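Residue numbers (numbering that gives the first Met the number 0), protein chains in the order written: chain P, 0 to 335; chain X, 0 to 335.
In short, the hints are calculated from the structure, not lab data. All the given hints hold, so there is nothing to weed out.
Distance condition first, Cα-Cα at most 30 Å in a straight line; then the derived DSSO-like pairs of lysine-lysine:
| # | chain 1 | residue 1 | chain 2 | residue 2 |
| --- | --- | --- | --- | --- |
| 1 | P | Lys187 | P | Lys268 |
| 2 | X | Lys182 | X | Lys211 |
| 3 | X | Lys122 | P | Lys307 |
| 4 | X | Lys16 | P | Lys122 |
| 5 | P | Lys236 | P | Lys211 |
| 6 | P | Lys49 | P | Lys30 |
| 7 | X | Lys114 | P | Lys16 |
| 8 | X | Lys307 | P | Lys122 |
| 9 | X | Lys182 | X | Lys237 |
| 10 | P | Lys307 | X | Lys16 |
| 11 | X | Lys122 | P | Lys69 |
None of these values were measured; they are calculated from a predicted model.
Number of protein chains: 2
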Amino acid sequence: MTTSRVFSDIISVMNKKVTINDIAKMANVAKSTVSRYLNGGSVSAQTRLKIERIVQEQRYTPNTFAQSLKQQTNHTIGVIVPRLDSIAQSDMLRGLDECNQEDTFLIVNAYQDPKRELAAIEKLQSQNVGGIILLTANLTDEIRAALTASPLPIVIQGQDEPDFHRVIMADQHGGETVGAYVKTLHPKNVLLLNVNAEIDHAVGHDRFMGIKAALAQTPYTEVMTDFKLDTAKHDAKKAMAADQYDLVIGATDRIAVGAMQSGYALHQKPQYIGFGQSFFSETVTPNLTSFEFSFFEAGKQLYRLFVKVRDESPQTIQRVVIDGQLVIRDSTGPQH
Amino acid sequence: MTTSRVFSDIISVMNKKVTINDIAKMANVAKSTVSRYLNGGSVSAQTRLKIERIVQEQRYTPNTFAQSLKQQTNHTIGVIVPRLDSIAQSDMLRGLDECNQEDTFLIVNAYQDPKRELAAIEKLQSQNVGGIILLTANLTDEIRAALTASPLPIVIQGQDEPDFHRVIMADQHGGETVGAYVKTLHPKNVLLLNVNAEIDHAVGHDRFMGIKAALAQTPYTEVMTDFKLDTAKHDAKKAMAADQYDLVIGATDRIAVGAMQSGYALHQKPQYIGFGQSFFSETVTPNLTSFEFSFFEAGKQLYRLFVKVRDESPQTIQRVVIDGQLVIRDSTGPQH
DNA sequence: TTGTAGGCGTTATCAT
DNA sequence: ATGATAACGCCTACAA
Numbered sequence: 000m001t002t003s004r005v006f007s008d009i010i011s012v013m014n015k016k017v018t019i020n021d022i023a024k025m026a027n028v029a030k031s032t033v034s035r036y037l038n039g040g041s042v043s044a045q046t047r048l049k050i051e052r053i054v055q056e057q058r059y060t061p062n063t064f065a066q067s068l069k070q071q072t073n074h075t076i077g078v079i080v081p082r083l084d085s086i087a088q089s090d091m092l093r094g095l096d097e098c099n100q101e102d103t104f105l106i107v108n109a110y111q112d113p114k115r116e117l118a119a120i121e122k123l124q125s126q127n128v129g130g131i132i133l134l135t136a137n138l139t140d141e142i143r144a145a146l147t148a149s150p151l152p153i154v155i156q157g158q159d160e161p162d163f164h165r166v167i168m169a170d171q172h173g174g175e176t177v178g179a180y181v182k183t184l185h186p187k188n189v190l191l192l193n194v195n196a197e198i199d200h201a202v203g204h205d206r207f208m209g210i211k212a213a214l215a216q217t218p219y220t221e222v223m224t225d226f227k228l229d230t231a232k233h234d235a236k237k238a239m240a241a242d243q244y245d246l247v248i249g250a251t252d253r254i255a256v257g258a259m260q261s262g263y264a265l266h267q268k269p270q271y272i273g274f275g276q277s278f279f280s281e282t283v284t285p286n287l288t289s290f291e292f293s294f295f296e297a298g299k300q301l302y303r304l305f306v307k308v309r310d311e312s313p314q315t316i317q318r319v320v321i322d323g324q325l326v327i328r329d330s331t332g333p334q335h
Numbered sequence: 000m001t002t003s004r005v006f007s008d009i010i011s012v013m014n015k016k017v018t019i020n021d022i023a024k025m026a027n028v029a030k031s032t033v034s035r036y037l038n039g040g041s042v043s044a045q046t047r048l049k050i051e052r053i054v055q056e057q058r059y060t061p062n063t064f065a066q067s068l069k070q071q072t073n074h075t076i077g078v079i080v081p082r083l084d085s086i087a088q089s090d091m092l093r094g095l096d097e098c099n100q101e102d103t104f105l106i107v108n109a110y111q112d113p114k115r116e117l118a119a120i121e122k123l124q125s126q127n128v129g130g131i132i133l134l135t136a137n138l139t140d141e142i143r144a145a146l147t148a149s150p151l152p153i154v155i156q157g158q159d160e161p162d163f164h165r166v167i168m169a170d171q172h173g174g175e176t177v178g179a180y181v182k183t184l185h186p187k188n189v190l191l192l193n194v195n196a197e198i199d200h201a202v203g204h205d206r207f208m209g210i211k212a213a214l215a216q217t218p219y220t221e222v223m224t225d226f227k228l229d230t231a232k233h234d235a236k237k238a239m240a241a242d243q244y245d246l247v248i249g250a251t252d253r254i255a256v257g258a259m260q261s262g263y264a265l266h267q268k269p270q271y272i273g274f275g276q277s278f279f280s281e282t283v284t285p286n287l288t289s290f291e292f293s294f295f296e297a298g299k300q301l302y303r304l305f306v307k308v309r310d311e312s313p314q315t316i317q318r319v320v321i322d323g324q325l326v327i328r329d330s331t332g333p334q335h
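Using the sequences and the hints given, assemble the complete structure.
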């Protein structure tokens with residue numbers, strides 16, 4: 000009777016997932032012993048071997064739900080990204096992956112929509128993630144409040160928000176570097192294609208500070224556009240039709256490429272400079288000069304910072320800055 | 000004593016997560032009553048109101064781990080993608096999102112590496128996801144075996160694998176359409192930049208069948224390259240330096256763009272055709288003629304198919320084909 | 001309609 | 001070193 004009961008248990012296991020209890024029965028030990036074995040507790044060499052064999056045979060893996068339930072925390076990190084169709088973002092995710100030891104990422108696309116971003120934060124919390132990494136171009140007050148209210152470890156990227164642990168790109172330094180380079184080009188009339196600082200302060204404001212300072216002695220026009228290729232193309236065309244420019248600086252590579260398209264259509268050949276790190280720069284003709292940030296590195300730092308925040312709960316706000324470098328290509332080359 | 004115990008419980012809750020038990024105490028009912036309320040069981044209007052108020056006040060959300068543990072299944076779907084820096088993939092993910100009612104996606108990047116793909120499958124299983132959606136360019140025998148062995152609902156996309164529920168793109172039809180169009184261009188000498196069918200059968204084989212058939216009367220050269228821009232550029236340059244072509248067909252937009260770069264460098268101006276749906280086509284100059292698949296639609300169908308497989312366990316293998324359309328742009332335009 | 005009790009798989013405490 | 005037992009939060013017979 001007892002034997003057949005155990006036997007049927009073992010049989011019935013075949014199609015379900017084998018549990019710590021099954022292992023215990025098969026090894027004729029208590030489940031707590033198995034648990035200790037699994038977690039590096041003290042077990043005699045003899046039983047260790049016995050259990051080890053069975054665990055391997057049965058391909059046992061612990062039930063993560065039970066673990067999380069018990070431990071009151073888990074190793075799933077919610078990652079909210081503003082968009083997925085962007086090299087910058089996917090490089091950053093690759094960086095997260097790269098450093099990751101044991102966490103799994105729950106990636107949520109916010110589609111550049113603050114409402115969705117907020118919804119994502121709430122949904123992630125209701126799903127009991129162990130923490131949140133938020134990549135963002137813009138923090139609304141609602142989102143700030145939600146982040147502040149959350150008991151979870153949270154790290155953000157993209158904006159230099161003083162209240163949150165964060166990793167940011169050296170936008171200001173990038174602008175200064177580009178500014179210095181621009182001076183060596185001696186442009187006569189410059190078109191700046193920027194985005195509103197309300198939408199993305201790091202880009203719209205920080206990135207352009209140094210550029211504008213460098214253009215103190217040079218005539219320039221600033222036109223506000225947005226991150227979309229079509230919009231940039233349209234806005235650039237309007238501006239370039241109205242006046243003649245010999246240098247166009249886009250807030251992002253994408254915007255610069257939009258301008259290139261317009262320049263091509265208008266048979267104009269100004270020089271172009273972009274920002275970011277995309278294959279854009281090398282797929283367009285001429286290849287685009289660009290200030291490139293290492294988003295991959297940013298991702299790595301982001302993960303490290305998150306782990307630090309989660310495991311050490313630092314009392315002071317952490318801030319990590321990722322630098323970049325100017326890569327000069329044909330679009331500011333001699334033939335222009 | 001009892002009062003203060005309850006009181007301290009309520010206080011202590013402030014920083015933790017409120018549970019069904021807390022709600023029950025506050026409402027002076029049993030936790031099973033609260034559970035019934037939450038799951039639409041029978042509760043008197045009176046207690047329903049009482050509980051409702053408290054649940055809302057406390058912003059109670061159930062602990063998903065406890066739920067999953069109890070229910071032995073959960074609403075997390077593992078999605079394995081070959082890469083993230085691709086419009087095709089992110090459009091597909093957007094399609095998944097679009098249809099999604101209540102599932103959450105655990106997105107795993109396999110970085111186009113079969114080993115990682117296999118590892119991802121195993122890891123997802125050990126994390127007890129409720130199913131797997133596999134976007135893939137290539138199924139190894141090991142992966143086939145892992146999929147077959149899995150008890151989970153699984154749907155794949157990308158390859159026309161007869162043993163698995165799948166959503167595929169109409170690569171063959173796309174090739175035929177392009178073939179028919181190519182005939183109208185009356186090219187003298189065509190360069191086909193393809194990828195090895197071993198790496199991606201749907202692309203390397205299916206996609207080019209129709210094209211080659213259409214070129215029966217036309218001289219053409221087939222060069223094998225890979226999906227990377229740099230490789231394509233390199234291989235195209237070699238081929239285009241060795242012979243003169245008036246039409247170049249790339250297995251993907253990216254490959255076609257690589258060829259464009261080489262053509263530009265060599266001062267050649269053939270016509271170009273690509274495959275896929277990317278902003279490539281509209282960022283390069285000239286804009287690229289391309290056979291475009293709706294990956295967004297594919298994502299939607301993929302989710303629907305998955306849900307069907309999960310909820311209805313169909314006995315016959317399901318197969319969904321997503322069509323595309325030829326979009327003619329400047330790269331095959333009159334000025335060439 | 002409501003409450004009691006048991007169990008999902010795991011870990012931790014406490015005896016033995 | 002080992003095993004019995006309770007607990008994590010939830011759901012669900014079953015009883016009242």
